[in-house]
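Participant: Chains as they are written, first to last, in this note's numbering: chain A, 1 to 294; chain B, 1 to 414.
Rather than coming from a laboratory, the hints here were simulated on the basis of the structure.
There may be inaccurate statements among the hints.
Stated by the list, open to error - Taking beta-carbon pairs under 7 Å as the criterion, some of the chain A residues facing chain B (in silico):
| # | residue |
| --- | --- |
| 1 | M3 |
| 2 | I10 |
| 3 | D127 |
| 4 | I210 |
| 5 | N211 |
| 6 | N214 |
| 7 | Q260 |
| 8 | L261 |
Treat the numbers as computed from the prediction; the structure is a model and nothing was measured.
Even for Gly, the Cβ is constructed at its ideal location relative to N, Cα and C.
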Amino acid sequence: MDMFLQLLVIGLAVGSIYALVALGFVLIYKSSDAINFAQGEFLLVGTYVCLTLITAYGIPFIPALLLTLIFSALLGWAIERVVLRPFIGEPVISMIMATIGLSSLMAGFVHLFWGTSTRVFPTIFPDAPVEIGPIVVSQVYIWSLFTVLALLAIFTLFFKYSKMGIAMRATADDQQAALSMGISVKKVFAVTWGISAIVSAVGGVLLGNINGVNSSLAAIGLKVLPVALLGGLDSIPGVIVGGFIIGILESLAGGYLDQQLGGGVKEVVPFIVLVLILMFKPYGLFGKREIERV
Amino acid sequence: MGKRKKWASLITAGLLVTTLLAGCGGGQTSAPASGTEAPAAGSTGGSAPDSSKGTIKIGGLFDETGATGDVGKPYAEGEVAYVDYINSKGGINGYTIELIGVDYAYKVPEAVKIYQKFIKQDKVSAILGWGTGDTEAMKELIAKDKVPFLSASYSEPLTNVSQHPYNFLAAATYSDQARAVLKWIKDNWQGSGNPKVALIYNDTPFGKSPIEDAKVYANEIGVDIVDEQIVDLTALDATSQLLNMQKKNPDFAIIQETWGATATILKDAKKLGITTQFIGLNWAAGEGVITLAGDAAEGYIGVITHAFPYETLPGMKEVEEYLASKGEKLTDHNQKFIQGWVTAKILLEGIKNAGDNLTGEGIKAGMEKIQNLDLGGLGARVSFSADNHRGTNQIRLGQVKGDRFEMITDYIGY
Numbered sequence: 001m002d003m004f005l006q007l008l009v010i011g012l013a014v015g016s017i018y019a020l021v022a023l024g025f026v027l028i029y030k031s032s033d034a035i036n037f038a039q040g041e042f043l044l045v046g047t048y049v050c051l052t053l054i055t056a057y058g059i060p061f062i063p064a065l066l067l068t069l070i071f072s073a074l075l076g077w078a079i080e081r082v083v084l085r086p087f088i089g090e091p092v093i094s095m096i097m098a099t100i101g102l103s104s105l106m107a108g109f110v111h112l113f114w115g116t117s118t119r120v121f122p123t124i125f126p127d128a129p130v131e132i133g134p135i136v137v138s139q140v141y142i143w144s145l146f147t148v149l150a151l152l153a154i155f156t157l158f159f160k161y162s163k164m165g166i167a168m169r170a171t172a173d174d175q176q177a178a179l180s181m182g183i184s185v186k187k188v189f190a191v192t193w194g195i196s197a198i199v200s201a202v203g204g205v206l207l208g209n210i211n212g213v214n215s216s217l218a219a220i221g222l223k224v225l226p227v228a229l230l231g232g233l234d235s236i237p238g239v240i241v242g243g244f245i246i247g248i249l250e251s252l253a254g255g256y257l258d259q260q261l262g263g264g265v266k267e268v269v270p271f272i273v274l275v276l277i278l279m280f281k282p283y284g285l286f287g288k289r290e291i292e293r294v
Numbered sequence: 001m002g003k004r005k006k007w008a009s010l011i012t013a014g015l016l017v018t019t020l021l022a023g024c025g026g027g028q029t030s031a032p033a034s035g036t037e038a039p040a041a042g043s044t045g046g047s048a049p050d051s052s053k054g055t056i057k058i059g060g061l062f063d064e065t066g067a068t069g070d071v072g073k074p075y076a077e078g079e080v081a082y083v084d085y086i087n088s089k090g091g092i093n094g095y096t097i098e099l100i101g102v103d104y105a106y107k108v109p110e111a112v113k114i115y116q117k118f119i120k121q122d123k124v125s126a127i128l129g130w131g132t133g134d135t136e137a138m139k140e141l142i143a144k145d146k147v148p149f150l151s152a153s154y155s156e157p158l159t160n161v162s163q164h165p166y167n168f169l170a171a172a173t174y175s176d177q178a179r180a181v182l183k184w185i186k187d188n189w190q191g192s193g194n195p196k197v198a199l200i201y202n203d204t205p206f207g208k209s210p211i212e213d214a215k216v217y218a219n220e221i222g223v224d225i226v227d228e229q230i231v232d233l234t235a236l237d238a239t240s241q242l243l244n245m246q247k248k249n250p251d252f253a254i255i256q257e258t259w260g261a262t263a264t265i266l267k268d269a270k271k272l273g274i275t276t277q278f279i280g281l282n283w284a285a286g287e288g289v290i291t292l293a294g295d296a297a298e299g300y301i302g303v304i305t306h307a308f309p310y311e312t313l314p315g316m317k318e319v320e321e322y323l324a325s326k327g328e329k330l331t332d333h334n335q336k337f338i339q340g341w342v343t344a345k346i347l348l349e350g351i352k353n354a355g356d357n358l359t360g361e362g363i364k365a366g367m368e369k370i371q372n373l374d375l376g377g378l379g380a381r382v383s384f385s386a387d388n389h390r391g392t393n394q395i396r397l398g399q400v401k402g403d404r405f406e407m408i409t410d411y412i413g414y
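Throw the hints in and build the complete structure from the sequences for me.
Facilitator: Spelled out as structure tokens, the structure:
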């Protein structure tokens, strides 16, 4: 029983990081129907900026994180302005292709500026794990759990009640109609990319505190795409649930099935479940079902 | 209006890039390779001395920006540095050495493409390689083209001389490393019964390379392999594997991973209060593990195939002399730099033995003349012969005390 609880808690914690990174996909998809393949690189840039502020300029963690978030927002906004704006009104696939190009470009810049060696954050979260009865969890996992829950609440409220949130939903639903209703699609896109870059940076900083930072960190961007698919690409609660499901499945499969089946099952089981669920719910668990009459 | 906005955003973008540039320069905390300049792709062995006989070209397949760039970059820098050093001493047998280094970013097809260019266009005499995947992919080509190839992959199948007559290994194979560790465990075991050992590795050709050999050897000498766990190279967490391992209560666990996964394992083991002694093979050891794992690395034992720059060894003098001529210090570099330096040194020794016969066959014969090559303690003594390209089976073991590995054995084999 102790082992089950331990696996469950670790699964929840790792899943919360998956959810956080996948949130970036959902935000972009929600407003523009496009998938941003440069998500991992946004994460990387945010992480390196935060690390540089802390180590090169000696800024304490919290102010450094805030500056990083401002930087990320500006970067997301600038990239939308320069690279993606010409694609407004064009087929979604063009924008997706542009993000693939953008990811290579950003990866190149990251190599150029920061190199490839693995670096670590100075100790931000204390090393000592938290013990809850028989369960032990690292502090960084607890923080990521809280961060995800807080962001979930903020974005749910934002999309439901704020003017900008509603405009974003309208834009995703139908760009042309939104335009004709006087919604500034340009502004919506700019805000979306800014927010998405912020979320990625937070995810990256947490990941960097777990495993160090090098350019391979960007790979997590694509690893979590299934999380977004599972929850439903356009659903914020969905992405959180999807993250938890994948995290917990990984952890439990590692704990129980690896022993019986000889290892490595941990990496595969979540995807088997993903395929099974998508067979019955093609739009994901919470995805919006589109009905079109032809 | 629209125009002005466009300009404003372009300027903002420019400013962002400038800020980035300004910020990324200094203060890199972790140290593997930080603070050093990358050798540019295509860089050569530097200032050429007055050489009467011309130039010997060597190809260098480097990973500076790929998945293993963290260790690949300092390794490549070490190779470039040694060639530069030898040229500054007058080259070899009157020839200047030109090292044509190209970054292949750990992509096998890219490596094969560059290899073809080395052979057809540059007409290199030998190649300094890097990864297991690419070396394996090219081993037939290497045999066909008869080009001596010294790789940083220590995979045991590459030692099969009848099938791969032009591959040479500069350090103990992964299997030999595991055997040496198992023998050390057996020799130093003070408990009752056989020592119990777990194996932790990743599901790649590199990860699985030593596993079967280790199990066979453990069985021979009376060490019980009680558990095997697979931990992904990029795992965020190894709790489930460690909890399973704990049920078998192993006395030791041998890790075949790179720095990132090893640090995750050590941190999670500390968190769970696991008292098993962890011992990592060569890519799981090195400065990076201590930086990444922090306190959790204390007491961890690593297989050390090459010296650390902070060790006082006879061979370190020439490295220090060379670095001083460039205005650098030993402390600017890490163990992987030394590893690259030593590997280039072994190849150039073979070329020296080849005299003026600089064909592939000639250099191969020169390599096979290397007997008990003294590397001044920077690596184990290396020998090759016509039927043995294994180089050595010797390693040292080092244990983390504070912020560095301290050697707990001299060079040992099995």
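Participant: Give a verdict on every hint.
Facilitator: Status of the hints after comparison with the structure:
1. With a least beta-carbon distance of about 6 Å to chain B, the hint placing M3/A at the interface is held under the 7 Å criterion.
2. Look at I10/A: its Cβ gets to within about 5 Å of chain B, closer than 7 Å, so that hint holds up.
3. Hint status for D127/A relative to chain B: holds, with the closest Cβ pair at about 6 Å, below 7 Å.
4. Of the supplied interface hints, the one on I210/A holds, with its beta-carbon coming within about 6 Å of a beta-carbon of chain B, less than 7 Å.
5. Here the hint on N211/A is kept, as its CB sits about 5 Å from the closest CB of chain B, short of 7 Å.
6. Using the Cβ-Cβ criterion of 7 Å, the hint placing N214/A at the interface with chain B is satisfied: the shortest such distance is roughly 6 Å.
7. The criterion of a C-beta within 7 Å of any C-beta in chain B is not met by Q260/A, whose closest approach is roughly 11 Å, and the hint is violated.
8. Because the smallest distance between the Cβ of L261/A and any Cβ of chain B comes to about 11 Å, over 7 Å, the interface hint for this residue is violated.
Comparing the model with each numbered hint stated earlier shows that hints 7, 8 do not hold.
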